[in-house]
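Student: Protein chains in written order, with the numbering used here: chain A, 46 to 244; chain B, 36 to 134.
FYI, nobody ran anything at the bench for these hints, they're computed from the structure. Take these hints with a grain of salt, some might be off.
In silico DSSO-like links for lysine-lysine, alpha-carbon gap of 27 Å or less [claimed, not checked]:
no., chain 1, residue 1, chain 2, residue 2
1, A, K66, B, K72
2, B, K133, A, K66
3, B, K72, B, K84
4, B, K124, A, K66
5, A, K66, B, K84
6, B, K72, B, K124
7, B, K133, B, K84
8, B, K72, B, K133
9, B, K124, B, K84
Just some of the chain A residues that point at chain B, by a computed CB distance under 10 Å [stated by the list, open to error]:
no., residue
10, G51
11, F61
12, Q68
13, E75
14, Y157
15, E181
16, D196
17, D200
Computed from a prediction, not measured in an experiment: that's the story for all the values here. Note that beta-carbon positions come from the ideal geometry of N, C-alpha and C, so glycine has one too.
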Amino acid sequence: MAAPPGPESIALLERFVAALKAQGVVTEEEIAEQIARTDRASPEIGARMVARAWTDPAYRELLLRDGSAAAEQMGVSMAGAPPLGVLEDTDTLHHLVVCTLCSCYPRMVLGYPPHWYKSAAYRARAVRDPRGVLAEWGTVLPDGMELRVVDSTADYRWMVLPQRPAGTEGWDETRLASLVTRDALVGVTLPMVAERAAA
Amino acid sequence: MQDDAPPPATHDLGGAPRFRCTPVEPDDAAPPDAFGKRVDALRQLLARKGLMSVDELRRGVEAIPEAEYHALGYYERWLRSISGIMVEKGVVPAEALKP
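Next up, chain A with everything else stripped away, as it sits in the complex (with noise of 0.2 Å):
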C-alpha cells in the first residue's frame, strides 16, 4: 500500500494550491472536473477494445495499426495523450509492458496506474526478471513461450492484446470483457475463464 503523504507535502499543496489561485491561474471548479474527468477512465474501457478485438477482426487490425484510432472509436478522447500501441500476444510470444523510468501507464484506456506499476521493485525487476515478477501474480507461461518486456515511455504507451481463452466460443461483448482485467492490460496476468466463472 502507497504511504499517505507527509505533513509537509500536505502543507505545501496547500500552499501550492493558494498561490496559483491567487495568480489565476487555476480555480477550485477546474480541479474538481479535472479530478472528475481523470476518474472516468477505467480499465473497462481497454478490457472492451479487447473484447471487441476477439470479435471484430476489422477493428482487430485497427487496434494493432493505430492504438489511438481504436480508443476514440470507442468514444475515448485521445487528444493531448501520446499514442497508444497495443501488443498481440500469440500461442509463441507474450508481452509485458513497465515503465523503468517512472510510470508512463496508458491512462484514458485503464485509468490511473496502481501503486505496484509505479513501485521501484516492478520498475526494477520486470526488465531483469519477469518471470519471477509474473510468478508474483500466479502467472506461469507455458514451456517455450516467448516473453518480450516492452518500456512505455513519456511519448509512447503501450497496453497488451491477449489471447482469447478458450471455452469462450459464443460469447457476446460484454461477457468476453469481463474476463479482461487491467493487469491483463499489463500483461501481469492472462485473461482465464474458469477463475471467473468460479466467482
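Using the hints provided, position chain B relative to the given structure of chain A.
Tutor: Below, chain B alone, put in the same frame as chain A:
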C-alpha cells in the same frame, strides 16, 4: 555495462540490482488518495494551460536527490517537481511556497 560507464541516474531503475529481492505487492488498488488526485489534476490542468509539459515534470522528479526520491511518495515527488517548476517560470512567487 562498460566499467567506465557512469552509474545510472536515480530514476533509471530498469534492472537495478538493489531491488532484485524486493517483492512486488500486486494487490494494491489503483485510485490514489485525495492528495494524489489533487496533485494529478493540477499537473493535467497546468499542462492543458500550456504552463508545463510531461517532460518538465520528469526533469523535476529526476532532479530530486536519491535519498529523498525513495523517501517521498509518488505524488509527493510530483508536487515537488510541479511546484518547483512553477516557481522557476515565475507563475507563483517562491515566498508563497515557504512555510
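Student: Could you check if A/E75 really has its C-beta closer than 10 Å to a C-beta on chain B?
Tutor: OK, holds: A/E75 within 10 Å of chain B, min 6 Å.
Student: Against chain B, run the beta carbon of A/G51 and see if the smallest gap drops under 10 Å.
Tutor: 7 Å, holds
Student: For the pair supplied as a hint, B/K124 and B/K84, confirm whether the alpha-carbon distance does not exceed 27 Å.
Tutor: Measuring from Cα to Cα gives roughly 14 Å; hence the hint holds.
Student: Should the interface hint for A/Y157 be scored as holding, given a Cβ-Cβ cut-off of 10 Å against chain B?
Tutor: 5 Å, holds
Student: Quickly compare the C-alpha distance for A/K66 and B/K84 to 27 Å and report which way the hint goes.
Tutor: 14 Å, holds
Student: Would the hint on A/F61 be counted as holding, given a Cβ-Cβ threshold of 10 Å to chain B?
Tutor: At 5 Å from the nearest chain B Cβ, A/F61 passes the 10 Å test, so the hint holds.
Student: A closest beta-carbon separation below 10 Å is what the hint needs, so does A/D196 meet it against chain B?
Tutor: Since chain B brings a Cβ to about 7 Å from A/D196, closer than 10 Å, the hint holds.
Student: Grab the minimum C-beta distance from A/E181 to chain B and call the hint holds if it beats 10 Å, violated otherwise.
Tutor: Check passed: Cβ of A/E181 comes within 5 Å of chain B, closer than 10 Å.
Student: For the pair we were handed, B/K72 and B/K133, check the Cα-Cα distance against 27 Å.
Tutor: Roughly 23 Å between the alpha carbons, so the hint for B/K72 and B/K133 holds.
Student: Check whether the Cα positions of B/K124 and A/K66 lie no farther apart than 27 Å.
Tutor: Given that 27 Å is the threshold and the Cα spacing comes to 16 Å, the pair holds.
Student: Does B/K84 sit within 27 Å of B/K72, going by the straight-line distance between their CA atoms?
Tutor: Given that 27 Å is the threshold and the Cα spacing comes to 18 Å, the pair holds.
Student: Does the alpha-carbon distance linking B/K72 and B/K124 stay inside the 27 Å limit?
Tutor: Holds, at about 24 Å.
When the structure is compared with the earlier hints, no violation turns up for any of them.
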